[in-house]
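Trainee: Sequence:
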Amino acid sequence: IKIAVDKNFADLSILDVDSTVQEANIAYPTDANMLLKLAKKCSKVATALNAGVTVNMKKIGGLSKNYFFRGKCSAEEANHRLLKYYNAVKSEILPVIDYVENRVLNGSLRLKWSLKNTLLTIATCGRQYIKDAGYYVKFHKARKRKALSLHAKEVACISKGKTSKKHEFGRVFQLGRIGGNFLVALCSGINLSDKKVIKPMLEKHEELFGPDSIDSLATDRGYYSVKNMISAKKHGVKQVGIQKPGPVAQGDEDQEELRNRRSGIEPLIGHAKKFGLGKSKMKVDKNTHGSGFTSIMGFNLSQLERNLTQERVKIAG
9 IKIAVDKNFA DLSILDVDST VQEANIAYPT DANMLLKLAK KCSKVATALN AGVTVNMKKI
69 GGLSKNYFFR GKCSAEEANH RLLKYYNAVK SEILPVIDYV ENRVLNGSLR LKWSLKNTLL
129 TIATCGRQYI KDAGYYVKFH KARKRKALSL HAKEVACISK GKTSKKHEFG RVFQLGRIGG
189 NFLVALCSGI NLSDKKVIKP MLEKHEELFG PDSIDSLATD RGYYSVKNMI SAKKHGVKQV
249 GIQKPGPVAQ GDEDQEELRN RRSGIEPLIG HAKKFGLGKS KMKVDKNTHG SGFTSIMGFN
309 LSQLERNLTQ ERVKIAG
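Using my numbering, you'd call the opening residue of the sequence shown number 9 and step up by one each time.
Since the hints were made in silico from the structure, they are not lab data.
All residues carry an ideal CB built from backbone N, CA and C; glycine is no exception.
In silico DSS-like cross-links for lysine-lysine, where the CA-CA straight-line distance does not exceed 25 Å:
1) 294 - 154
2) 146 - 92
3) 152 - 92
4) 174 - 161
5) 204 - 170
6) 235 - 207
7) 98 - 52
8) 154 - 287
9) 168 - 282
10) 252 - 170
11) 287 - 174
12) 48 - 67
13) 204 - 174
14) 73 - 149
15) 204 - 173
16) 203 - 152
17) 48 - 161
18) 174 - 149
19) 161 - 289
20) 161 - 149
21) 52 - 73
22) 146 - 48
Label pairs and their calculated CB-CB ranges:
23) 322 - 258: 37 to 43 Å
24) 292 - 168: 23 to 29 Å
25) 257 - 83: 46 to 52 Å
26) 168 - 83: 26 to 32 Å
27) 292 - 252: 37 to 43 Å
28) 247 - 208: 17 to 23 Å
29) 264 - 146: 48 to 54 Å
Turn these sequences into a full structure, and let the hints steer you where they fit.
Mentor: See the structure below:
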């Protein structure tokens with residue numbers, strides 16, 4: 009971005025802010041599906057250790073298919089099938105969890121690293137998974153702060169109000185667009201609220217490009233708060249276009265211009281997702297987090313390359 013600024017490709021005086029979700033590399037975390045995954049891991053461990061504990065996957069598989077492929081049936085019938093499936097999984101895997109917790113994790117056995125990771129997952133998540141699934145079976149709703157994955161811990165359930173995706177599972181990236189269509193990324197938490205991001209984003213911009221470099225700021229209604237308006241003024245922003253909730257005020261041409269300008273960040277987010285900001289392919293939380301920033305870097309390099317190419321064409325012409 010600094011090269012783009014030196015070449016006059018970027019304009020630091022304007023900043024538009026919006027957010028997007030980087031989806032984690034996990035399947036949709038239904039309690040029934042997660043029970044089956046846990047049962048498979050316990051079966052793998054029981055087979056590898058050969059210590060007298062077994063998991064009857066044939067029984068669990070039959071009951072899971074009976075629930076997953078139930079077709080049209082009443083809610084009572086679906087709940088009855090789920091209860092049978094849950095009880096079967098619980099009775100089969102609890103002895104394995106007990107064995108892992110009491111005997112294996114004391115470090116006396118030499119095991120492969122992959123098997124050790126599976127054992128650690130079962131010991132740390134096994135009982136909690138059973139409790140979470142039991143809560144759903146009993147109350148027919150997901151427990152708050154339930155585990156969403158066996159391998160990814162830094163994952164949140166995020167609702168952005170989209171009709172196509174009611175719930176997304178991953179982390180929130182806050183993006184700031186400067187003039188010239190370059191992006192600045194901020195991701196200081198798994199689910200950073202829009203209302204709490206204006207001050208950190210302005211501080212990030214000041215850290216990168218120096219103080220008093222922003223003249224106008226534009227966001228959508230989700231970012232509006234009195235604190236954010238005051239924070240923008242304190243950072244020397246002359247035109248504050250943080251949209252207020254409610255009907256759009258007519259006749260204010262400056263605010264309308266800022267609203268129209270802010271909407272231009274949305275297609276850029278779509279382009280950034282093609283560089284890797286969409287659903288992550290990483291298995292580890294740190295790698296998932298890093299891949300989001302890498303995608304923004306790739307997007308900015310692409311924008312810079314396009315500008316340099318156009319400049320060379322002008323010089324050659």
